[in-house]
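Visitor: Now for the letters of each chain:
Number of protein chains: 2
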Amino acid sequence: MTFFELIHKEETARARAGVMHTDHGDVETPVFMPVGTQAAVKTLDSSDLESLGAQIILGNNYHLHLRPGEELINNLGGLHKFMNWPHPILTDSGGFQVFSLGLQKEKSVDRGGSNAKLVEIDEEGVTFHSHVDGSKHRFTPEKAIETQHKIGADIIMAFDECTPDSIPEEYIRAAMERTHRWAERCLEEHKKIKVDKTGLIKSPHQKFLFGIIQGSNNRSLREESAKFIASKDFDGIALGGESVGYNMQATKDILDWVYPFLPEDKPHYAMGLGLSPLDFFDVVERGVDMFDCVAPTRLARHGVAYISKPTKDEDNNYRLNLNNAAQEKNSAPIEENCACPTCQNYSRAYLHHLLGANEISALRLITLHNVYFMLNLVRKMRQSIIEDRFREFKKEWDK
Amino acid sequence: MTFFELIHKEETARARAGVMHTDHGDVETPVFMPVGTQAAVKTLDSSDLESLGAQIILGNNYHLHLRPGEELINNLGGLHKFMNWPHPILTDSGGFQVFSLGLQKEKSVDRGGSNAKLVEIDEEGVTFHSHVDGSKHRFTPEKAIETQHKIGADIIMAFDECTPDSIPEEYIRAAMERTHRWAERCLEEHKKIKVDKTGLIKSPHQKFLFGIIQGSNNRSLREESAKFIASKDFDGIALGGESVGYNMQATKDILDWVYPFLPEDKPHYAMGLGLSPLDFFDVVERGVDMFDCVAPTRLARHGVAYISKPTKDEDNNYRLNLNNAAQEKNSAPIEENCACPTCQNYSRAYLHHLLGANEISALRLITLHNVYFMLNLVRKMRQSIIEDRFREFKKEWDK
Numbered sequence: 001m002t003f004f005e006l007i008h009k010e011e012t013a014r015a016r017a018g019v020m021h022t023d024h025g026d027v028e029t030p031v032f033m034p035v036g037t038q039a040a041v042k043t044l045d046s047s048d049l050e051s052l053g054a055q056i057i058l059g060n061n062y063h064l065h066l067r068p069g070e071e072l073i074n075n076l077g078g079l080h081k082f083m084n085w086p087h088p089i090l091t092d093s094g095g096f097q098v099f100s101l102g103l104q105k106e107k108s109v110d111r112g113g114s115n116a117k118l119v120e121i122d123e124e125g126v127t128f129h130s131h132v133d134g135s136k137h138r139f140t141p142e143k144a145i146e147t148q149h150k151i152g153a154d155i156i157m158a159f160d161e162c163t164p165d166s167i168p169e170e171y172i173r174a175a176m177e178r179t180h181r182w183a184e185r186c187l188e189e190h191k192k193i194k195v196d197k198t199g200l201i202k203s204p205h206q207k208f209l210f211g212i213i214q215g216s217n218n219r220s221l222r223e224e225s226a227k228f229i230a231s232k233d234f235d236g237i238a239l240g241g242e243s244v245g246y247n248m249q250a251t252k253d254i255l256d257w258v259y260p261f262l263p264e265d266k267p268h269y270a271m272g273l274g275l276s277p278l279d280f281f282d283v284v285e286r287g288v289d290m291f292d293c294v295a296p297t298r299l300a301r302h303g304v305a306y307i308s309k310p311t312k313d314e315d316n317n318y319r320l321n322l323n324n325a326a327q328e329k330n331s332a333p334i335e336e337n338c339a340c341p342t343c344q345n346y347s348r349a350y351l352h353h354l355l356g357a358n359e360i361s362a363l364r365l366i367t368l369h370n371v372y373f374m375l376n377l378v379r380k381m382r383q384s385i386i387e388d389r390f391r392e393f394k395k396e397w398d399k
Numbered sequence: 001m002t003f004f005e006l007i008h009k010e011e012t013a014r015a016r017a018g019v020m021h022t023d024h025g026d027v028e029t030p031v032f033m034p035v036g037t038q039a040a041v042k043t044l045d046s047s048d049l050e051s052l053g054a055q056i057i058l059g060n061n062y063h064l065h066l067r068p069g070e071e072l073i074n075n076l077g078g079l080h081k082f083m084n085w086p087h088p089i090l091t092d093s094g095g096f097q098v099f100s101l102g103l104q105k106e107k108s109v110d111r112g113g114s115n116a117k118l119v120e121i122d123e124e125g126v127t128f129h130s131h132v133d134g135s136k137h138r139f140t141p142e143k144a145i146e147t148q149h150k151i152g153a154d155i156i157m158a159f160d161e162c163t164p165d166s167i168p169e170e171y172i173r174a175a176m177e178r179t180h181r182w183a184e185r186c187l188e189e190h191k192k193i194k195v196d197k198t199g200l201i202k203s204p205h206q207k208f209l210f211g212i213i214q215g216s217n218n219r220s221l222r223e224e225s226a227k228f229i230a231s232k233d234f235d236g237i238a239l240g241g242e243s244v245g246y247n248m249q250a251t252k253d254i255l256d257w258v259y260p261f262l263p264e265d266k267p268h269y270a271m272g273l274g275l276s277p278l279d280f281f282d283v284v285e286r287g288v289d290m291f292d293c294v295a296p297t298r299l300a301r302h303g304v305a306y307i308s309k310p311t312k313d314e315d316n317n318y319r320l321n322l323n324n325a326a327q328e329k330n331s332a333p334i335e336e337n338c339a340c341p342t343c344q345n346y347s348r349a350y351l352h353h354l355l356g357a358n359e360i361s362a363l364r365l366i367t368l369h370n371v372y373f374m375l376n377l378v379r380k381m382r383q384s385i386i387e388d389r390f391r392e393f394k395k396e397w398d399k
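Each protein sequence line maps, in turn, to chains B and Y. Each residue of the first sequence is one higher than the one before, starting from 1 at the first, in this note's numbering. Each residue of the second sequence is one higher than the one before, starting from 1 at the first, in this note's numbering.
No lab work stands behind these hints: they were computed from the structure. Be a bit skeptical, because a hint or two may be false.
Copies of the same chain look alike in the list, so a pair counts if it works inside one copy or between any two.
Stated by the list, open to error - Result set (DSS-like, lysine-lysine): computed pairs, CA atoms no more than 25 angstroms apart in a straight line: (1) K380 <-> K312; (2) K329 <-> K197; (3) K394 <-> K309; (4) K81 <-> K329; (5) K136 <-> K329; (6) K252 <-> K380; (7) K81 <-> K143; (8) K143 <-> K329; (9) K312 <-> K329; (10) K202 <-> K329; (11) K252 <-> K309.
Based on the provided sequences and hints, a complete structural model is requested.
Guide: Next comes the structure, spelled out in structure tokens:
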């Protein structure tokens with residue numbers, strides 16, 4: 001069976017419905033993937049994710065390498081067993097974290113100079129310091145692939161350098177070209193592990209490797225990167241970059257630039273996208289099949305819930321702040337017709353009280369809602385694609 | 001139907017099995033009651049408590065009066081509806097909190113003097129300042145009963161002064177005598193609300209009022225208090241005091257002193273007890289039917305789980321610290337034969353990792369185990385009473 005199966009393409013848009021087949025089950029696309037960076041989707045456990053209907057979740061190679069370490073996870077039978085999640089998992093390679101968490105400490109974003117003391121890039125790889133304990137670590141493309149095989153997700157990512165937008169073009173080009181050379185080394189190591197090093201890996205299921213398009217907000221670099229990554233033997237194609245998911249105009253532009261070069265028979269993954277429900281429509285109609293975002297869980301931990309009604313506040317659209325005094329006496333659930341366990345059982349007044357009383361139960365209850373909200377929206381979106389009414393469904397939302 | 005039904009008395013001990021009948025269902029005693037001070041058992045939600053088999057949970061009148069307030073809870077239909085817990089609830093009157101949380105701020109424990117500025121006691125009642133925002137509040141016995149009726153638990157407590165052990169006997173006596181006068185006023189107000197003020201109360205189910213024995217660690221005062229409280233028309237008899245549950249030798253002594261005066265046809269409640277699993281045996285064999293303790297939830301939030309095996313560490317007996325490096329690679333659950341959702345699904349290694357990574361999911365998972373552990377132990381204890389093998393069951397534990 002092929003990994004990715006295209007089920008239906010919406011007639012009036014590039015929106016697609018598909019299925020990814022993995023040894024841990026199928027993933028129906030488009031799909032929202034909850035983020036479980038450190039082997040847990042924050043505040044939840046695997047039973048919660050199961051009950052919400054999550055199909056696939058994310059882990060992070062950088063974080064899991066630092067803590068608890070890929071050796072421990074491998075020795076305990078792999079990440080599925082470690083976190084008791086029998087369904088598909090994707091790990092990001094940690095490229096984004098190596099650079100962003102390293103640079104945060106120094107507040108230095110100029111990659112052109114030599115001031116990024118905590119992160120040293122050379123042709124071979126990257127030396128960085130743990131944000132946990134300051135200890136020195138090194139990732140090469142080969143190492144990042146090996147650690148991901150040991151962690152044992154179903155889908156793993158090439159090791160890339162995620163470049164900011166506001167740096168000189170020559171640096172973006174140099175980084176992109178290095179990312180391409182690293183992509184080839186990742187592919188090679190991936191094949192080598194499958195053939196020569198299988199004894200090392202305790203979770204023997206098949207692993208699929210995705211390549212990542214970089215090039216910041218530069219059209220010709222993005223096109224060049226798309227062509228390159230598409231030409232290689234990856235199982236899927238991802239779109240990386242600082243603005244993806246955070247600057248939606250830039251995200252849409254980049255998707256429009258690269259779309260002509262994306263192979264139709266491979267899944268397309270927009271990395272770190274899902275700040276607003278509307279963002280899903282914007283990328284699905286540009287041919288994206290997969291996305292993940294920490295916003296639903298992070299906002300929940302600040303007492304903010306997603307709602308289906310636009311709130312006409314540009315920065316907080318489709319959001320309800322349960323901390324607000326307006327919710328103090330409100331006996332309604334977050335959303336009247338929401339089937340999530342929180343809306344089925346608790347009022348806004350109760351959640352408002354728990355937040356005010358610093359009861360962490362509130363954080364989980366709002367997270368349950370937010371994750372369900374995103375999963376359910378994308379499930380409905382997929383159905384609308386299959387029924388050739390994606391545009392109408394979008395109009396119901398984007399008023 | 002009577003409120004309390006004695007089912008069986010163990011032949012070789014004072015241990016009893018009974019049932020409390022309430023409008024929200026039966027409670028089989030002896031019973032461990034998880035503590036949900038602020039309308040939530042910390043880290044859990046009502047569905048969790050349901051799945052653990054909790055029969056009755058606690059709320060706190062002091063905390064709920066301050067936040068969100070009894071008016072709000074009453075207007076939303078009462079505490080059962082507010083927190084979506086359809087089973088029995090008991091609220092403590094807040095006597096303990098008014099004195100302990102008030103005094104904490106001043107670090108003044110000498111009740112004989114006039115230095116307890118944050119808590120002013122007079123014959124009528126107590127004026128205190130909120131630990132939340134410093135605002136001034138006043139509880140009289142009448143007020144504490146009215147707020148509890150508005151909050152709407154099934155079992156409510158008389159408003160008492162919980163005295164420390166290390167204060168002059170004359171103060172303990174004065175406080176105890178005042179507590180007795182307040183107990184009578186509580187009973188009167190309780191009857192008045194049932195007759196005259198039912199229109200005020202949105203949750204019309206029957207409420208049962210318990211009296212509280214005080215007298216610190218003074219035998220003659222405890223006996224006098226037991227006689228007095230037992231002579232009144234309370235639905236149950238509680239044992240209060242600073243040392244109850246914290247100084248087990250004192251707790252056992254006090255129980256032995258008061259036992260002859262406790263009416264057999266009313267439930268006996270040891271307030272704030274359950275630090276160690278063995279404590280349950282010590283009080284159940286002295287005729288106690290109900291107990292509550294924050295230890296199972298508080299310890300869980302520090303990464304400490306209860307286990308069935310004595311650890312021979314006096315301060316940490318029957319406990320496993322999941323933060324310890326020894327658990328880092330341990331693929332076993334907290335307890336091999338535990339049926340709790342945490343032991344059914346997760347290893348010590350995973351919980352250790354989540355704690356180290358500051359994932360709050362860990363706090364809930366360990367809380368689920370600890371609460372289940374206590375509920376399950378007391379369920380088994382009840383069965384052993386019914387089968388006349390309580391002593392043998394105790395021996396299995398107390399090695």
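Visitor: Determine for every hint whether it applies to the structure shown.
Guide: Comparing the hints with the structure gives:
1. K380 <-> K312: Within one copy only: 23 angstroms inside, 57 angstroms across.
2. K329 <-> K197: between (61 angstroms within a copy, 23 angstroms between copies)
3. K394 <-> K309: within (13 angstroms within a copy, 59 angstroms between copies)
4. K81 <-> K329: between (43 angstroms within a copy, 13 angstroms between copies)
5. K136 <-> K329: between (52 angstroms within a copy, 23 angstroms between copies)
6. K252 <-> K380: Within one copy, since 22 angstroms is at most 25 angstroms while 62 angstroms is not.
7. K81 <-> K143: For K81 and K143, the Cα distance is within 25 angstroms only inside one copy (22 angstroms; across copies 54 angstroms).
8. K143 <-> K329: between (54 angstroms within a copy, 23 angstroms between copies)
9. K312 <-> K329: Result: close within a single copy only, 23 angstroms intra versus 50 angstroms inter.
10. K202 <-> K329: Only across copies: K202 and K329 sit 15 angstroms apart there, 53 angstroms inside one copy, limit 25 angstroms.
11. K252 <-> K309: within (23 angstroms within a copy, 60 angstroms between copies)
In terms of the numbered hints stated before, the structure departs from none.
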